[in-house]
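Engineer: Chain by chain, the residues run as shown.
2 protein chains.
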Amino acid sequence: MLIEKKITDFLEDLASDLPAPGGGGAAALAGAMGACLISMVARLTIGKKGYEAVEVQMRDILSRSDQLYQQLTVQVDEDAAAFNEVIAAMKLPKANETEAGIRTEAMQKSFRRAAEVPYKAAVNCKEVLDLAAEIASGCNTNVSSDVGVAAELAWAGLQSSLLNVKINLPYLKDEEYVLSMRRQLAFLIESAGTSKEKALNVVSLQIQ
Amino acid sequence: MLIEKKITDFLEDLASDLPAPGGGGAAALAGAMGACLISMVARLTIGKKGYEAVEVQMRDILSRSDQLYQQLTVQVDEDAAAFNEVIAAMKLPKANETEAGIRTEAMQKSFRRAAEVPYKAAVNCKEVLDLAAEIASGCNTNVSSDVGVAAELAWAGLQSSLLNVKINLPYLKDEEYVLSMRRQLAFLIESAGTSKEKALNVVSLQIQ
Chain A
443 MLIEKKITDF LEDLASDLPA PGGGGAAALA GAMGACLISM VARLTIGKKG
493 YEAVEVQMRD ILSRSDQLYQ QLTVQVDEDA AAFNEVIAAM KLPKANETEA
543 GIRTEAMQKS FRRAAEVPYK AAVNCKEVLD LAAEIASGCN TNVSSDVGVA
593 AELAWAGLQS SLLNVKINLP YLKDEEYVLS MRRQLAFLIE SAGTSKEKAL
643 NVVSLQIQ
Chain B
443 MLIEKKITDF LEDLASDLPA PGGGGAAALA GAMGACLISM VARLTIGKKG
493 YEAVEVQMRD ILSRSDQLYQ QLTVQVDEDA AAFNEVIAAM KLPKANETEA
543 GIRTEAMQKS FRRAAEVPYK AAVNCKEVLD LAAEIASGCN TNVSSDVGVA
593 AELAWAGLQS SLLNVKINLP YLKDEEYVLS MRRQLAFLIE SAGTSKEKAL
643 NVVSLQIQ
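Protein chains in written order, with this note's numbering: chain A, 443 to 650; chain B, 443 to 650.
Hint data in this document are derived by calculation from the structure and do not stem from the laboratory. Every residue, glycine too, gets a C-beta built ideally from N, C-alpha and C. One should not assume that every hint holds.
What the hints assert, rightly or not - Calculated cross-link-like contacts (lysine-lysine; reagent style DSBU-like; alpha-carbon spacing at most 35 angstroms):
| # | chain 1 | residue 1 | chain 2 | residue 2 |
| --- | --- | --- | --- | --- |
| 1 | B | 615 | A | 447 |
| 2 | B | 562 | A | 551 |
| 3 | A | 640 | A | 533 |
Stated by the list, open to error - Beyond 12 angstroms from chain B on every Cβ pair, some chain A residues (computed):
| # | residue |
| --- | --- |
| 4 | 540 |
| 5 | 565 |
| 6 | 629 |
Sequences are here, hints too, so could you generate the full structure?
Structural biologist: Below, the structure is given as structure tokens:
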């Protein structure tokens, strides 16, 4: 598994011409780091003098951010698996009509999965941004910068994941699915943008 | 060293209340991933049919992106070291005037380093964005999305690093240094923004 690798080895593989990891995995990992920082900020607020009133809220945020970071971590490898599936489908034989039909079906299935894995990562990154917006105004002000970093990384993870969804859509023949996915992407980016601005506006009042 | 850790262990530490890693390290790692993706794109363009004309340029970009990824990787640990230096300086005794003077000097030195380490990471992220702008228009179009991801990650690394510079500036007594640093930050963000837009504009023509 990619996420069991040492950071230095993962980066070396990312910089290489190996089929994986690529941009999709890096996007999920950026989102995972964003979620981790929300968890860190929650942990550094819980139990601190002066923050008793937000303790219940912080515990709730922490349980959600821990879950998001675990999911995004898993998505680093899911992205690689989805890409490998596309490659495998492309290599299927197409000597006759039956083979060609099986190959086409396998390719459609694999491209759809290759779009859905980064879509799920993008949804998770959007939820990290929601948590950043929520935590920004109540958390320990000593770690405001980490809320800002969480928002920046989750935003990059989201935008990068969307690119990885979009590169697969032109290969899909199911036009209704593609149209519906494009609508969901537009909704996601708008909603996530609102949360990002909200989080960074609070941070920018504390860090000038 | 943090970068010798497994990714899962690094993320667990990032999510914890340990003093390091924090937002500064995560920022440098995001920038490193951006640089790695530039290297990957260059490697997947060099030697490919139809891209002979850009081979020399790609080799030049590759040598610069490999260097940037190495530097940003080192900065993950430098950030942690700088933070630990601040903590150590704060813990110095201040029972008398002599001790207080030594402590103040050590703290000033450590805060300055804590600003300079993320500043250097921000400069490196800006250079990754310059490379993204340069590589976008000539590279293998099969990996356009990875150029986009590289730009998004380097931008997040830059913005996040700048937050980590800014949180340390209010503690510095050398007003001239602070003013000069703020001017450099403003220049950096403007220049990096231009490269980011340039890269993403090309990518958005290829991925819709």
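Engineer: Now tell me if each hint is right for this structure.
Structural biologist: Okay, the hints, checked on the actual structure:
no. : hint             : result
1   : 615(B) to 447(A) : 43 angstroms, violated
2   : 562(B) to 551(A) : 45 angstroms, violated
3   : 640(A) to 533(A) : 47 angstroms, violated
4   : 540              : 29 angstroms, holds
5   : 565              : 17 angstroms, holds
6   : 629              : 17 angstroms, holds
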